[in-house]
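All chains, full assembly: derive it from the sequences and hints.
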Amino acid sequence: MKEVFIGNYGLEQVGQKMTATGWVANIRNHGKLAFIELRDREGLLQVFVAGDSPAFAEIDHLHKEDVIAITGEVVERESRFVNKAIKSGQVELRAEAIQILANSKPLPFEVDQHAHTGEELRQKYRYLDLRRSKMTENLKLRHQVTSTIRDYLNGKDFLEVETPYLTKSTPEGARDFLVPSRVFKNQFYALPQSPQMLKQLLMGAGLERYYQVVRCFRDEDLRGDRQPEFTQVDMEMSFASEKDIRMLVEEMLKAVVKKTHGLELTEAFPTISYEEAMSRFGTDKPDTRFGLELKNLTNLCQDNPSLLLKQAFARHEELWGICVPNAADSFTKKQLSHFYQEMKEFGASRFASLKVEAGELQGDLASTFEAEAAAFIDRLEAQDGDLLLLVIAKKRQAQEALGHLRLEVAKYLDLIDQSLLNFLWVLDWPLLEWNEEQERYQAMHHPFTQGIFENNKEDLASIKSHAYDIVLNGYEIGGGSLRIHDRKSQEAMFELLGMEKEDYERDFGFFLEALDYGFPPHGGLALGLDRLVMILAGEENIRQVIAFPKNGTGFDPMLESPSQVDASQVKELHLELKN
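Position 14 of the sequence shown, counted from 1, bears residue number 462 in the numbering used here, the numbering being contiguous throughout.
Watch out, some of these pointers could steer you wrong.
Pair by pair, the computed Cβ-Cβ distance ranges are [claimed, not checked]:
| # | residue 1 | residue 2 | range |
| --- | --- | --- | --- |
| 1 | P554 | V530 | 30 to 40 Å |
| 2 | Y788 | D826 | 35 to 45 Å |
| 3 | D812 | P969 | 53 to 63 Å |
| 4 | A823 | R763 | 50 to 60 Å |
Below, a list of computed lysine to aspartate or glutamate pairs in the EDC-like style, where the Cα atoms sit at most 16 Å apart [stated by the list, open to error]:
| # | residue 1 | residue 2 |
| --- | --- | --- |
| 5 | K707 | E793 |
| 6 | K604 | D692 |
| 7 | K781 | D812 |
| 8 | K553 | D514 |
| 9 | K842 | E793 |
For the record, the hints were derived by calculation from the structure and aren't laboratory data. For clarity, every value in this text was computed on a predicted model and none was experimentally measured. C-beta atoms are modelled at their ideal positions from N, C-alpha and C, and glycine is treated no differently.
Here it is in C-alpha cells:
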C-alpha cells in the first residue's frame, strides 16, 4: 500500500528511492529520452526516462491507461521547469525500472479533462470517466462533506443508527419502488422514500438524537437534480425546539463550507416566510444571488378601462411584473415569443414586454397602461433602458410564471454571481395544499408535520405548520419540521387529509399504536447530500457527484439495468409477466 500518493510527491521526497504506481496519462518519447505522466487519485507525477536507462526499453510497450510501477529517485526540478499547475510540479521521478501491472486496450474515449465526450458514453464506461481529475475531485469533495457532517453530529452526541431498506408501502408520498416477497405470496416490501416514521420511532425508543447517511428511493420523473435513488443526511432530535434544530443545522453547514471552501460564514442564515418567498421571488426556493424581484401591480390598474384587464380581474387574475435593468434591447422578438409560450404553460392569460424610454413605456400593451406608466416605473424601480416583463394570471400562477422567467433571464444575462453561497431558511409553511386533480387537501410536506392551529381551523388553506426548508443558491437542500407526537393529533391530521379511519389504521396502525406509549416532543430535518455536493462542486447535475448514477430515464448504461430476469426467478415470486 502507498505511503504517499504520487500526486502529492514534493520536496520531502527528494533524494528518496520510490516506487510510484498509477495509470499512464501521457507518454512523450523524444527518441533518446522520454517523459511519462503518471496519474493516481491525487494527481499527476512527471517521470523522466533516460535513453541509457534499462527502463527505456519498456517505453515502446506502454499505452495510455496502462497500470504500471516505476522505481527510481525523486529529484527536484530546475526552477525554470517547475510546473505550478500540478501539486507534484516541483519534483520528478528519474526512472530506473518500469513494471507493467496491467494493460489497457484502446479507449472508447480519451480520459482527459478537456475531452468533450457524450454523457451516455461516459456513463457506459463510468469507471473510465471517474479517472478524470474533475470527477475524482467531486467524489473527494463528497467524502469531505459526509465526514464533516459525521464528525459534527458525533460531537453533538448523536447516534448513527441504520434503518431497514425493506419497509412498508404507505400512501401520501411519491410512487414507491416495490419488492415482491418470495416467502409471503402476493405481498410486497417497499424501498424507503425516507426513514420518516422509523426515525420517529427511534425517538419514541428513547435514543433522543439520531442521524443516518441513508439511501432513499422514489419512483418519480427525473430531472437534473433528481435520481431514483439518492442520499439523505437524516437527523431527528427529542426535546428540541424549531430554533434548536435550525441552529444546529446552520452550524453544521457552516462547518461543511469551512472544510470544503475555507470560508468562515459568520452571519446567521437569513429567513423568509413561504408567502414572502412566493411574492418576492415566485418560488419556495429562492435564489438570492441576484435581484429581479416580483412586484404586484394589480392595485395600480383598478380604474383602467381596458376590457382585457376588466375580464382578467373578473376571473380573479392579477397583474405581476419584474424589471430587468439595462435590458431593453437584450432580447429578440423570437425570445420574447418563447417567453410568452412558457408563461402560457404556467397558466398565464397574457404576457407583455415593455421598454422604458424617456420615462414612458414602449412596446406591447404600452397604450393599455399609458395612464399607469409612471406608477409602474415607480413600483418596479425602473429607469430608462430597462425592460419590464408583465404577466396576467391567477395569483399563484403569476408568481410561479415570473419566478421561472426571473431565473431564465438571470442565466441568459449572466446576472448570477457564481462565487456566492447564499443560504436561506424558508419558514411559516402552509400545513396543507390543494390537489386540483384529486380535489382534496394533501400535506405540504408530509402527514407527520405539526400544525399551528391558532388561526381558523375551518379555513384549511390558512393553517400554518412548524415546517422549515433550507435553501442554497435556488435549490432546496433540506427540509424538516416538528412532528406530531400523540395519537389523537396524528389521527386528526389523517382525517384532515380525507383519510378514512379504516384506511389509516391499516396503513399506519403500527405507528399510531406506538404513539400510545409516550413519545417525546421531537423534530428533525433531512439534507439532500447529492444536491448539496452538486452545488459545492459547481456542477449543474447530481450525476456529476454520484459514483454510479442512472441516466435521465432511470437507466444505468454501464450495468444495463433495469434488465430482464430469468422466468424461474419471476415464478418464485408468484408473479406473471405480461407483454
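- prompt: Given the hint that K842 pairs with E793, does the C-alpha gap stay at or below 16 Å?
  reply: holds, 13 Å
- prompt: Going straight from one Cα to the other, do K781 and D812 come out at no more than 16 Å?
  reply: Status holds; Cα separation ~11 Å.
message: Hinted pair, alpha-carbon criterion (16 Å max): K553, D514. Please report holds or violated.
response: holds, 8 Å
- request: Verify the proposed pairing of K604 with D692, using a straight-line Cα cut of 16 Å.
  value: Holds - the C-alpha atoms of D692 and K604 are around 12 Å apart, at most 16 Å.
- prompt: Is 53 to 63 Å a correct range for the gap between the Cβ atoms of D812 and P969?
  reply: Check passed, 55 Å falls within 53 to 63 Å.
- prompt: Does the hinted range 30 to 40 Å hold for P554 and V530 at CB?
  reply: holds, 34 Å
task: Confirm or reject the claim that Y788 and D826 have a C-beta distance inside 35 to 45 Å.
output: Cβ of Y788 to Cβ of D826: about 26 Å, so the range 35 to 45 Å is violated.
message: Can you confirm whether the C-alpha distance between K707 and E793 stays at or below 16 Å?
response: Between K707 and E793 the Cα gap is close to 42 Å, so the pair fails against 16 Å, i.e. violated.
- prompt: Is 50 to 60 Å right for how far apart the beta carbons of A823 and R763 are?
  reply: violated, 23 Å
This entry does not satisfy hints 2, 4, 5, going by the numbered hints stated previously.
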